[in-house]
Amino acid sequence: MYKKILVPMALDHGISPQTLEIARVLANDGAEIVALHVYEAPQGSVKAYLDEEVVKAGFDHAKTSMAQKLEGIDGVTPVMVTGHSARTIIDYAKAHDFDCIVIGSHKPGLSDFFLGSTAARVVRHAPCAVHIHRDAD
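The opening residue of the sequence shown carries number 0 in numbering that gives the first Met the number 0; numbering runs sequentially from there.
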């Protein structure tokens, strides 16, 4: 069905195996599947109080966590970038000509109606088809 699928991964949620499996089901033979994690570096005044080594250690921890989540999964290319989650996912999909994004979502709460979840923002602004997986919880 799709040739190039982007699977954004929030490393602190347990939904990645499901979204990766959905991507496999939606993929054509020989399709490219990319697992993307957007590392949100500390912003504004918080950044002034953090040592550069602490920020680097956080990034390295995220890389290790992503490698562990993808361990033993063939055919998935891991990519890690820094930025704002929703905007970076959308920009990455545009820049690399993805034809599908498979993203997990949580049950929306009150704050999502005012601010919007990452998945909701991706759905509204993505340049391609978006498949949402919501956990049954």
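There may be inaccurate statements among the hints.
Stated by the list, open to error - Label-pair distances were calculated between CB atoms; the ranges are:
#, residue 1, residue 2, range
1, His-95, Asp-50, 20 to 26 Å
2, Ala-66, Pro-126, 27 to 33 Å
3, Ala-47, Lys-93, 37 to 43 Å
4, Tyr-48, Thr-76, 34 to 40 Å
These are calculated hints, taken from the structure and not from any lab test.
Using N, Cα and C, we set each Cβ at its ideal position, and we do this for glycine too.
Status of the hints after comparison with the structure:
1. His-95 <-> Asp-50: 20 to 26 Å: Distance hint for His-95, Asp-50 is violated at roughly 33 Å.
2. Ala-66 <-> Pro-126: 27 to 33 Å: For Pro-126 against Ala-66, whose Cβ atoms are near 28 Å apart, the range 27 to 33 Å holds.
3. Ala-47 <-> Lys-93: 37 to 43 Å: violated (32 Å)
4. Tyr-48 <-> Thr-76: 34 to 40 Å: holds (35 Å)
Consistency with the previously given hints fails for numbers 1 and 3, ordered from lowest to highest.
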